[in-house]
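Put chains B, C and D with the ligands on the given structure of chain A with help from the hints.
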Amino acid sequence: MPRSGRDLPLAGDASARFLPWVAGAMVFLATLALAGALLAQTVAARWHRDLAGSLTVEVPSRPGIAAPERERAALAVLKETAGVAAAELVPRSRLEQLVAPWLGAGAHVAELPLPSLIEVRLAENASLDLAALGHRLTAAAPGAKLDDHALWLAGVAAVVRAVEAVALAVVALIAVLCAVAVGFAVRTGLAIHRDVVEVLHLIGARDSYIARQFAGHAFRMTLKGGIIGLAAAVSLVAALAEGRGALGPLPLPEIRLSVAAWAMIGAVPLAAAVFALLAALATVHRQLKRMP
Amino acid sequence: MPRSGRDLPLAGDASARFLPWVAGAMVFLATLALAGALLAQTVAARWHRDLAGSLTVEVPSRPGIAAPERERAALAVLKETAGVAAAELVPRSRLEQLVAPWLGAGAHVAELPLPSLIEVRLAENASLDLAALGHRLTAAAPGAKLDDHALWLAGVAAVVRAVEAVALAVVALIAVLCAVAVGFAVRTGLAIHRDVVEVLHLIGARDSYIARQFAGHAFRMTLKGGIIGLAAAVSLVAALAEGRGALGPLPLPEIRLSVAAWAMIGAVPLAAAVFALLAALATVHRQLKRMP
Amino acid sequence: MVRFEDVSARYGRGPDVLSGLTFELAAGSFHFLTGPSGAGKSTLLRLLYLALRPVTGTIELFERDVAHISRQELPALRRRIGVVFQDFRLIGHLSALDNVALPLRVAGAKEVQIRDHVAELLAWVGLADHLNDLPPTLSGGQQQRIAIARAVIGRPSLLLADEPTGNVDDRIAMRLMYLFEELNKMGTTVVIATHNDGLVARFPHPQLHLEGGHLFRVPGRPRAQKARARA
Amino acid sequence: MVRFEDVSARYGRGPDVLSGLTFELAAGSFHFLTGPSGAGKSTLLRLLYLALRPVTGTIELFERDVAHISRQELPALRRRIGVVFQDFRLIGHLSALDNVALPLRVAGAKEVQIRDHVAELLAWVGLADHLNDLPPTLSGGQQQRIAIARAVIGRPSLLLADEPTGNVDDRIAMRLMYLFEELNKMGTTVVIATHNDGLVARFPHPQLHLEGGHLFRVPGRPRAQKARARA
Ligand SMILES: Nc1ncnc2c1ncn2[C@@H]1O[C@H](COP(=O)(O)OP(=O)(O)OP(=O)(O)O)[C@@H](O)[C@H]1O
Ligand SMILES: Nc1ncnc2c1ncn2[C@@H]1O[C@H](COP(=O)(O)OP(=O)(O)OP(=O)(O)O)[C@@H](O)[C@H]1O
Ligand SMILES: [Mg+2]
Ligand SMILES: [Mg+2]
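Protein chains in written order, with the numbering used here: chain A, 1 to 292; chain B, 1 to 292; chain C, 1 to 231; chain D, 1 to 231.
Only chain A is shown next, with the shape it has when bound in the complex (with noise of 0.2 Å):
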């Protein structure tokens, strides 16, 4: 004897195989997109914060007039600006290992006549006038030169944005395609069962007895492919992490997400349920309403 409140046979409909897979394919292309959109995030955040509130002062060498006199002159201006936390040379050494590897083993770097280059940090929400400050810079140190990274920042800004409106728009495409197979299951369901909703309604029933079934339905099978396709994207991120070693130097930051972002992403099944549910309440709502 069935339990009552199932008298609709959802189960061994034909969407009863179809709703897992839709919900399982889904939940692993959000999932994908989701770590994909965060990633970016995660990345971006770090090269914002290491880049974003800093500046480079460079103070060529030139024959005849002594580096450390410029040096001072400028670092001189920077500490009188309002808007400037901290003013540092970067020591020869440093620069010798970043130019090192352009000039071959045997180059004789300790030779070289390098420029001197300050670091400069902003305080937190300085407005500067950048170009007043290079117009002073060049007066007290002539040749000195002002870089805000804003080239690069904006260029790493625009790569985020574009993979954030991406992975924005599989998700967002996801949810709809969800939400028409939920739908679209609902309706398949009520077109195969209308003479049992039909007689259901004649004898008495509620629409909330008839559209609690469905919707339990739903949520059955979509969490169910949704915990499916969740562990198929992790295994897969996983697998990527794995063979992220093998694939030699790459020009990105180790990265890991963080505990939110883990906790998004396990929520996913869960909240594609919740979705498949609200879908199919809904739309056996609105059908059983054209029913006399």
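Bear in mind the hints are in silico, worked out from the structure with no lab data behind them. Everything numeric in this text was worked out from a predicted model, so none of it was measured. The beta-carbon is built from N, C-alpha and C at its ideal position, and this holds for glycine as well. Incorrect hints may have been included.
To list a few chain B residues with every Cβ distance to chain A over 12 Å, as calculated [stated by the list, open to error]:
(1) 88
(2) 140
(3) 275
Facing chain C, according to a computed beta carbon distance under 7 Å, are these residues of chain D, among others [said to hold, decoys possible]:
(4) 36
(5) 37
(6) 38
(7) 141
(8) 142
(9) 167
(10) 168
(11) 172
(12) 195
(13) 197
(14) 201
Frame of chain A; chains B, C and D with the ligands shown alone:
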């Protein structure tokens, strides 16, 4: 009066609305994945062509020993090595161009003790013993170093393989999903119209009479959705290409897809529709075989 | 119990199927609904079980104007009406027992009260051996009897039966009529649409006769004749 | 035309519904199939239109052993058999006209030949006004008549009708019987399952009576009585 051979009201089914959506989304994603894979392949092919047939020999400048002599010695070794098609010294001016950005505008590049570089192009299919060549070069020109780009190329190849694998996985997943969706739509159609199908059978209709209607329906719906999905994907790619300039300099060569690649992408909806048609035929015939 | 006043009905934009129907059915009455095929018998019943709304006129059911009954109130009202549909409308994947139990379950009855009650009724209509069979595995007449059992299980105040003996032989038809009369004696108002002239001839109840969209009342015969008919 | 030899039938793993049936129907014969509800009348018809295969025994149809008919040959064979299903089985989204035309279309007939022919037959069964109506918008009796028209439109060699008069009144039932007799005169072998004792009494055809899974033959009455019955 309906045309003969359209007894099943498939066009009015929920699946008439469902299949185009699914097909559209699938073709959209498949097109993007395919475009990505083709792009990665093109980039890889370009890099490979540029780098695979070449070596670089670096002869560091050393105070005391005249560079030209060692360069000549290294060139001589290279020229008598079987498999070397050409070996040429990189002019000092090009080297200075390469190094200049790293030293700051004021640096006196001309005074730098830069190493000499020899670019070597290998004959096609040449199989060189790089280790032996390296030894001979060091013997002839002390300090000379051989760089075969192997590490860099391996890295690129790995990245491209990963992109291709992901794209292939996406396309495969989509094909499976498409088959599942079509199979579901067909089975749903058969379930909804089971009575009709049974009556047609008992009246003397052949399996093909019934299967034809389902297959035609699946084909039309998938093609319709697929064309829309393709249009959306192509627009997106075009928009991305458009916006690419705005992103500033990226470490990617300017790339166009070949005509063959475009043809492949353009064929996606048709392929999906044919695939849907075959899936529908298979499903219907399998299901009909179960009827008496 | 039931009051029609100048009621017309049609489907969509079609022609009027019924027009200007005015009549009353007293609580506890028993009527046959007759008329040629296509006269509107099923349509009239549909008006009574609220699956169709009249185009004009007023219908009162259980002392309430149906035009003012909200969607929320419908389920409760429908539970007081038992219907035997002309095409049975059984639920194919539920056993005979579960089909008949449905009105009780939908109304929230306790499982313990359901089973014995349902089994007893099914035995009464001759289906004791088919309690757990699914409707598609039963014969036409067996299905019809399940439909009847489902309509009467809830002791409805109003019983509407559309051609309830079309698929059974005369012996079973008599048995079913006896069931309807028993219910009627316990207070249920009964309306039975039928083409079976023999049945109408054998039972003395008044008729509602539909023809050309109009209703004609045919009074019942005196009680004496009935006893003879049942013999 | 039809020959059963020691045929038994059951559904799935259920009990035997029919057992040891042995009989022959001559080409051009007319039989009633009677028996109580659940006796197996519809089951016997299902064996005849090849929707059910016998468990044991042999069935010969059109001089062929049905056990040796391949799936490919079935459609052609089925086109020679007209069936009125007990539950009609009309196609809900096709008009009355298209429903009746279906057997012709499926067999590949030309459209020009179809329409007039179909319309004429529908007029004959009293549905001239409902040619373009969909079955769900028709009354039970109207649907039944469409089902009958669909079964006879192809001038089948074998006509099987399951309770074809359960939803119509006596006047229409007579008209339908007349249609079956006309077909029979033109050579069609007819088998009609029915509970309508009145009908059987009025027409002189022999009966196949099913009871307890076994078949009993009841010979027809002499022709004279029939004339009286039809009057
Ligand atoms: N759902 C519907 N939509 C449109 N028209 C309908 C619908 N149902 C019935 N009709 C029309 O209403 C008329 C009356 O039908 P109804 O079913 O009430 O007749 P009936 O008296 O029950 O006949 P029967 O004895 O054959 O069952 C018929 O002419 C039919 O065509
Ligand atoms: N599809 C089926 N699966 C299993 N059992 C079935 C099926 N159809 C019929 N039966 C059983 O076979 C027996 C005979 O059924 P059948 O429909 O042949 O009876 P019938 O003589 O046509 O009765 P009625 O006059 O009520 O239509 C019944 O007891 C029924 O339960
Ligand atoms: Mg009716
Ligand atoms: Mg039967």
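Now the hints, each set against the structure:
Against chain A, the non-interface label of residue 88/B holds: every CB pair exceeds 12 Å, the least being about 18 Å. Listed as outside the interface, residue 140/B is consistent with that label: its C-beta sits roughly 16 Å from the nearest C-beta of chain A, beyond the 12 Å cut-off. Listed as outside the interface, residue 275/B is consistent with that label: its C-beta sits roughly 16 Å from the nearest C-beta of chain A, beyond the 12 Å cut-off. Here the hint on residue 36/D is kept, as its CB sits about 6 Å from the closest CB of chain C, short of 7 Å.
For residue 37/D, the shortest C-beta to C-beta distance to chain C is roughly 3 Å, which falls under 7 Å, so the interface hint holds. Residue-level restraint check for residue 38/D holds (minimum Cβ-Cβ distance to chain C is 4 Å; threshold 7 Å). For residue 141/D, the interface hint holds, the least distance from its beta-carbon to any beta-carbon of chain C being 3 Å, beneath 7 Å. This hint holds: residue 142/D has a C-beta 5 Å from the nearest C-beta of chain C, less than the 7 Å allowed.
Below 7 Å, beta-carbon pairs count as interface contacts, and residue 167/D has one with chain C at about 6 Å; its hint therefore holds. Because the smallest distance between the Cβ of residue 168/D and any Cβ of chain C comes to about 5 Å, under 7 Å, the interface hint for this residue holds. With a least beta-carbon distance of about 6 Å to chain C, the hint placing residue 172/D at the interface is held under the 7 Å criterion. Taking 7 Å as the C-beta contact cut-off toward chain C, the hint placing residue 195/D at the interface holds, the least distance being around 4 Å.
With a cut of 7 Å, the hint placing residue 197/D at the interface with chain C holds, because the nearest CB-to-CB distance is about 6 Å. A hinted interface residue such as residue 201/D counts as satisfied when its beta carbon comes closer than 7 Å to some beta carbon of chain C; here the least separation is about 11 Å, so the hint is violated.
Going through the hint list in order, the structure does not satisfy hint 14, though it satisfies all others.
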